[in-house]
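Peer 1: Spelled out from the first residue to the last, the chains are:
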Amino acid sequence: MKTILSIIIIVVANFVSAQSVNWSTEKNVRKSITYSSFGFDHGATLQIGHGRYIELFKPLLVTADFSIPMGNDLLDDFKTRLGVQIPIYQIDHFHLTARLNAIFRRHETKLVRMINFGSEINITMGYHKNTWHIAGEFGFDKSISTHLKHSSVMVENYPSITDGWFIPSGGHSYMGIQSGKFISSQIELNIRLGITNAQFNDENSLIPFYTQIGVNYTLFKKTK
Amino acid sequence: MKFKILSLLAFTLLVLNSCKELSFESDGVLVPLTVMEDNSIPSITVNGVKLHSETYGDPSDPILIAIHGGPGADYRGMLNFKELANDKMYVVFYDQRGSGLSQRLDKDGYSEVQVYIDELHGVIQHYRQDSMQPVVLAGHSWGAMLATAYINQYPNEISGVILAEPGGFTWPQTETYFENSRKLELFSELTNDYVYQDQFITGSDHNTLDYKLALSTAGDVSTGDIGRVPYWRYGGICNITSIKLAIDNPDQMDFTENLKDHTSKVLFAYSEFNAAYGRDHANVVSSAYPNIELVEIKNCGHEIPHFGWNNFYPAIKDYLTQIL
Numbered sequence: 004m005k006t007i008l009s010i011i012i013i014v015v016a017n018f019v020s021a022q023s024v025n026w027s028t029e030k031n032v033r034k035s036i037t038y039s040s041f042g043f044d045h046g047a048t049l050q051i052g053h054g055r056y057i058e059l060f061k062p063l064l065v066t067a068d069f070s071i072p073m074g075n076d077l078l079d080d081f082k083t084r085l086g087v088q089i090p091i092y093q094i095d096h097f098h099l100t101a102r103l104n105a106i107f108r109r110h111e112t113k114l115v116r117m118i119n120f121g122s123e124i125n126i127t128m129g130y131h132k133n134t135w136h137i138a139g140e141f142g143f144d145k146s147i148s149t150h151l152k153h154s155s156v157m158v159e160n161y162p163s164i165t166d167g168w169f170i171p172s173g174g175h176s177y178m179g180i181q182s183g184k185f186i187s188s189q190i191e192l193n194i195r196l197g198i199t200n201a202q203f204n205d206e207n208s209l210i211p212f213y214t215q216i217g218v219n220y221t222l223f224k225k226t227k
Numbered sequence: 213m214k215f216k217i218l219s220l221l222a223f224t225l226l227v228l229n230s231c232k233e234l235s236f237e238s239d240g241v242l243v244p245l246t247v248m249e250d251n252s253i254p255s256i257t258v259n260g261v262k263l264h265s266e267t268y269g270d271p272s273d274p275i276l277i278a279i280h281g282g283p284g285a286d287y288r289g290m291l292n293f294k295e296l297a298n299d300k301m302y303v304v305f306y307d308q309r310g311s312g313l314s315q316r317l318d319k320d321g322y323s324e325v326q327v328y329i330d331e332l333h334g335v336i337q338h339y340r341q342d343s344m345q346p347v348v349l350a351g352h353s354w355g356a357m358l359a360t361a362y363i364n365q366y367p368n369e370i371s372g373v374i375l376a377e378p379g380g381f382t383w384p385q386t387e388t389y390f391e392n393s394r395k396l397e398l399f400s401e402l403t404n405d406y407v408y409q410d411q412f413i414t415g416s417d418h419n420t421l422d423y424k425l426a427l428s429t430a431g432d433v434s435t436g437d438i439g440r441v442p443y444w445r446y447g448g449i450c451n452i453t454s455i456k457l458a459i460d461n462p463d464q465m466d467f468t469e470n471l472k473d474h475t476s477k478v479l480f481a482y483s484e485f486n487a488a489y490g491r492d493h494a495n496v497v498s499s500a501y502p503n504i505e506l507v508e509i510k511n512c513g514h515e516i517p518h519f520g521w522n523n524f525y526p527a528i529k530d531y532l533t534q535i536l
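As you go down the protein sequences, you meet chains A and D in turn. Numbering-wise (our numbering), the first sequence opens with residue 4 and increments by one. Numbering-wise (our numbering), the second sequence opens with residue 213 and increments by one.
In case anyone wonders, no lab produced these hints; they're calculated from the structure. Note that beta-carbon positions come from the ideal geometry of N, C-alpha and C, so glycine has one too. Careful, some of the hints might be misleading.
What the hints assert, rightly or not - Here are the simulated distance ranges between beta carbons:
1) A:Pro211 - D:Gly321: 36 to 42 Å
2) D:Gly321 - A:Leu209: 52 to 58 Å
3) D:Ala297 - A:Thr214: 52 to 58 Å
4) D:Glu387 - A:Met178: 56 to 62 Å
5) D:Ser235 - A:Ile94: 41 to 47 Å
6) D:Gly439 - A:Phe97: 34 to 40 Å
7) D:Glu387 - A:Thr214: 22 to 28 Å
8) A:Lys224 - D:Phe399: 55 to 61 Å
Claimed, not checked - In silico lysine-lysine, DSSO-like type, Cα no more than 30 Å apart, as pairs:
9) A:Lys113 - D:Lys456
10) D:Lys510 - A:Lys113
11) A:Lys145 - D:Lys319
12) D:Lys529 - D:Lys319
13) A:Lys224 - A:Lys152
14) A:Lys113 - A:Lys145
15) D:Lys456 - A:Lys145
Claimed, not checked - Beyond 12 Å from chain A on every Cβ pair, some chain D residues (computed):
16) Leu245
17) Gly260
18) Asp410
19) Thr429
20) Pro442
21) Asp460
22) Asp463
Work out the full structure: start from the sequences and follow the hints.
Peer 2: See below:
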């Protein structure tokens, strides 16, 4: 049952997002956004992503991104996210937005290979002008299910060690601020930083904070 | 089209749901059972805590107690010491509380260094047949620090002590060693292997945190050793709490006050390949003892009792001949 619920959550949330986006009043003429960032998020990570603005019941930003931590083996660890960012409420320049992500991530060391499905929900509230914004954010990154495949080193130490899908795996809430400023008509620089906290009474991460410096490149629709 | 998508989704759910779900918290799945869950594991009870413990040799011979590192490691990497049973020593191994296959405790169980000293005292009392039976302590890394903390409290109780690369006998010495041996470089594979796993697994229970601590050793942080030292089970909560204790209470980490009263010779070993240690650090740390025999163990790094045994053993045998 837990597996089914997990998969449903993943499927429902099967869209990703740019981390820091300006939802100013001109959003309806935006076409797409390509973004890149570098920072610390459970490791020094490099992220690239792309998003498209679409009009459904509301203007949505549908995104996909990919990040890798630094190191000699660049593709042994990575995180991909698919998601959607939805404006929920607006009063003048104040915007409340929600972001829902589905996450797939991988991590491999000499001891274990982990494959993980997760999901993330984020609420951002901030002040958005046409060329800059500042906002506070709160989110929760849930590690829903993790598959472990142990190396011979681990098996030698403990022959009965078990490979397989492990549920539940854990999760972190996070809280921080983000800000961005357009330096040209299409290029926006942005920054995010905050702290993380493990779910329930779990032990916190070794380095319980995140920070990110990024660049967004926005394409606009031609208007008459 | 919609039917195809729904069919694919249903099939995916069916396949994934057929996979057996495991739990990090379950006993014996990712880490071995302890003495609390498996009565077949040899154990003793000291100060109300059940400890995994084994002995080799004649109980009436001089006792040698092997004290493992960590806090949170175990004695599996020190098992070479059992060879000393052939040299008329009664060799005693024990996993400290919260480590190896010994009983797990809540954080309060590791609230001060004194609990480890009292535990070692209890182990000695458990195996010592009378007050005339000589006792030798053999400690590695944190275990060598603990042996010294014990001698600092009981300077005349112990006939001899063998120390292999204790980080330090004061917090500044230990901090220096940590800084030299565990440099976290932001862009290195080692650093990211160390922290990336935190987004996959979180936990507060012993099974999960012991497993996570084992995974955090993927980067081989012990400098100078080519292979990996064997272990049974790390103690996650023991390790986290004890290191936090040391950082928050550096005054508890001064084990040097009474060492001048321990006039028996001490065998102090450092490794050839652990660049973070070396003769300079060995000189600084060992200087608290008045009577030191300093030896470099060739062809190994920090894990001297495991990888350096062939060169360590002759020095130990010679030392025991001198003091007993």
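Peer 1: Failing hints, ascending?
Peer 2: Numbers 1, 2, 4, 6, 8, 12, 13, 16, 18, 19, 20, in rising order.
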